Amino acid sequence: KNEVEQSPQNLTAQEGEFITINCSYSVGISALHWLQQHPGGGIVSLFMLSSGKKKHGRLIATINIQEKHSSLHITASHPRDSAVYICAVVRAAGNKLTFGGGTRVLVKP
Amino acid sequence: ETGVTQTPRHLVMGMTNKKSLKCEQHLGHNAMYWYKQSAKKPLELMFVYSLEERVENNSVPSRFSPECPNSSHLFLHLHTLQPEDSALYLCASSQGGCPGPYEQYFGPGTRLTVT
Chain A
1 KNEVEQSPQN LTAQEGEFIT INCSYSVGIS ALHWLQQHPG GGIVSLFMLS
51 SGKKKHGRLI ATINIQEKHS SLHITASHPR DSAVYICAVV RAAGNKLTFG
101 GGTRVLVKP
Chain B
1001 ETGVTQTPRH LVMGMTNKKS LKCEQHLGHN AMYWYKQSAK KPLELMFVYS
1051 LEERVENNSV PSRFSPECPN SSHLFLHLHT LQPEDSALYL CASSQGGCPG
1101 PYEQYFGPGT RLTVT
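Residue numbers (our numbering), protein chains in the order written: chain A, 1 to 109; chain B, 1001 to 1115.
In case anyone wonders, no lab produced these hints; they're calculated from the structure.
Here the structure is a predicted model, which is why all the values come from computation and not from measurement.
Hints should not be assumed to be uniformly reliable.
Which stretches of chain A does chain B cover? Using the computed rule of at least three CB atoms under 8 Å from a CB of chain B, they are [stated by the list, open to error]: (1) 29-37; (2) 43-49; (3) 79-90; (4) 95-107.
Listed next, the in silico DMTMM-like pairs over lysine to aspartate or glutamate satisfying Cα-Cα at most 20 Å (straight line) [to be verified]: (5) LYS96/A x GLU1053/B; (6) LYS96/A x GLU1103/B; (7) LYS96/A x GLU17/A; (8) LYS1036/B x GLU5/A; (9) LYS96/A x GLU1052/B.
Ideal Cβ positions, reconstructed from N, Cα and C, are used throughout, including at glycine.
The shape of chain B in the complex, shown without the other chains (with noise of 0.2 Å):
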């Protein structure tokens, strides 16, 4: 048991869809993380909140779109996705804010299909 929970575990959506993965951490950390994982790829940060302030966009298209309504839940809510974008997304927590760095804290994924 990590502290940090996604749902869902598995999803399959179309291309004109639209859906909203969600995470939520038990820790009371005040920072959380969204990371994309391909297929062959290394693991790469999308998006950064800290204090539910978004600190972090990497060059994320923007048809995934965060929301972070309070310091223990993290949304992504996608739209228009490409087949491209089908992936392993993850989420993480850790405390926030100087000195650092901190321990990150993952979620156990949502696996990503777009057909």
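Bound conformation, chain A alone (with noise of 0.2 Å):
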């Protein structure tokens, strides 16, 4: 079992659509980052979170750490934000990342 779990794998939704994404982590964590990878494979980063919430215009992410259980949500989704989530783990000590497979998100308009 990978020590970091996304749910679910693929997501198709319709323009304006509320889209959760879901992360499940097995180890001791001092931060989570949730990363977005468009097509060709640049990765930009969007949130490092290591309790509550952070929100950044549509893009909210939530962290319960007791439950280790991370969200990320985007409000009234846009064929721009199609591309993969990525949520990534930074063990108890250093700044080492271990990955989620990522998500796949479409956004059809």
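Please dock the two separately framed chains into a single complex, following the hints provided.
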């Protein structure tokens, strides 16, 4: 079993819909990252969080340390949100990232 | 513009070739990372350099050889690769040292095909 599990693996939504991606992990962490990867490969860091909730535009990330779970929400989804979203955790020591398998999101107009 | 550049963006090489991937960061960071992304597998950490010292070698075969001549540049030297080494190779940078953790900034990647 991977240390970081994401669900769903694939998600298709209609433009305007609310999207939720889940991440569960089994190790002690000091922080969790949500990353976005567009076709072509480049990765952009969306959030780094260690507690509570962060919001940036239409994106909201939450984390529950006790339950070892994080969610990424996309409100009012748009076709340009189509990408792979990757959850990655930072172990309690160091800055090494351990990655989930990614969630491929397709938003249809 | 992420502040982290990688060259080349695409590389095709034979199994007997020697090539190098280059990464440069313009963000004033002092930690740099190489990651490998194979098809249908999660991203894997390969190497970490902090303050130009290698602090992590994640059981990577010796046919991959990293070099960090200064805090802004990171190389990955490749020799006698196998077809299964075909992947997207991503470089990232961040602040380093204590207390951490720090956000990592990724380059666009080099798509490597080994024939």
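Results of checking the hints against the structure:
| no. | hint | result |
| --- | --- | --- |
| 1 | 29-37 | holds (count 4) |
| 2 | 43-49 | holds (count 4) |
| 3 | 79-90 | holds (count 3) |
| 4 | 95-107 | holds (count 8) |
| 5 | LYS96/A x GLU1053/B | holds (15 Å) |
| 6 | LYS96/A x GLU1103/B | holds (11 Å) |
| 7 | LYS96/A x GLU17/A | violated (34 Å) |
| 8 | LYS1036/B x GLU5/A | holds (18 Å) |
| 9 | LYS96/A x GLU1052/B | holds (16 Å) |
In this structure, the one hint that does not hold is number 7.
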